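Just so you know, the sequences run in chain order A and B. The numbering of the first sequence is this note's numbering, which starts it at 3 and goes up by one. The numbering of the second sequence is this note's numbering, which starts it at 469 and goes up by one.
If you're looking for bench data, these hints aren't it; they were derived computationally from the structure. Values in this document were obtained by computation on a predicted structure and should not be read as measured data. Careful, some of the hints might be misleading.
Stated by the list, open to error - Chain B side only, calculated, beta carbon under 8 angstroms to chain A, not exhaustive:
hint, residue
1, MET475
2, ALA485
3, PHE557
4, GLN567
5, SER572
Note that beta-carbon positions come from the ideal geometry of N, C-alpha and C, so glycine has one too.
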Amino acid sequence: NAGVTQTPKFQVLKTGQSMTLQCAQDMNHNSMYWYRQDPGMGLRLIYYSASEGTTDKGEVPNGYNVSRLNKREFSLRLESAAPSQTSVYFCASSQDYRTMSGANVLTFGAGSRLTVL
Amino acid sequence: GNSVTQMEGPVTLSEEAFLTINCTYTATGYPSLFWYVQYPGEGLQLLLKATKADDKGSNKGFEATYRKETTSFHLEKGSVQVSDSAVYFCALKAGSARQLTFGSGTQLTVLP
Numbered sequence: 003n004a005g006v007t008q009t010p011k012f013q014v015l016k017t018g019q020s021m022t023l024q025c026a027q028d029m030n031h032n033s034m035y036w037y038r039q040d041p042g043m044g045l046r047l048i049y050y051s052a053s054e055g056t057t058d059k060g061e062v063p064n065g066y067n068v069s070r071l072n073k074r075e076f077s078l079r080l081e082s083a084a085p086s087q088t089s090v091y092f093c094a095s096s097q098d099y100r101t102m103s104g105a106n107v108l109t110f111g112a113g114s115r116l117t118v119l
Numbered sequence: 469g470n471s472v473t474q475m476e477g478p479v480t481l482s483e484e485a486f487l488t489i490n491c492t493y494t495a496t497g498y499p500s501l502f503w504y505v506q507y508p509g510e511g512l513q514l515l516l517k518a519t520k521a522d523d524k525g526s527n528k529g530f531e532a533t534y535r536k537e538t539t540s541f542h543l544e545k546g547s548v549q550v551s552d553s554a555v556y557f558c559a560l561k562a563g564s565a566r567q568l569t570f571g572s573g574t575q576l577t578v579l580p
């Protein structure tokens, strides 16, 4: 009963290094999301994928790229990490964004804590 | 645009005290409203939701009522426990929006 699985859980990078955060869900959900969580700012949407084959920018997309590899997997890439990207990153999924108000709501992973020095 | 405003924390209460965490929103149309809870070291979990005006969401002793006239969705619990210590997020989904809009979160600590 895994739900949403994120890797890695912790990562320390130097400024300018690149890395990819991996996310996979086993609930056959159509929509997937990447959020970042910063103190006092709540969760802010970076990118989302409404369905397989599509991706769209959220509130704070600069400095990030995403890939919806297949229906299960949605990765987030930092090409050249900056200290401002130090944050906790959450992947989430939902059955379908159009029905999120009903029984199908967001299911979150446990988070990935990234520190950029 | 859509936005959610939560009371600032942190909130510290003694066990069995009454809890209120205020949440107000701005949205187009009639959004669905949610409370999520984040326990230490974990991701967010849905606590309760309400999809139309005057609906009351409830779960684990927590309640929140969708008040369209005051654009509010305040979270309440009559008697908190130490295990309720967590960060609580209010969120909304407005109409055809493809994602949730979250508030900034309220840290609750319950002391024995």
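Do the hints match the structure? See the list:
1. MET475: Interface hint status for MET475(B): violated (13 angstroms vs cutoff 8 angstroms).
2. ALA485: 25 angstroms, violated
3. PHE557: 6 angstroms, holds
4. GLN567: 5 angstroms, holds
5. SER572: 4 angstroms, holds
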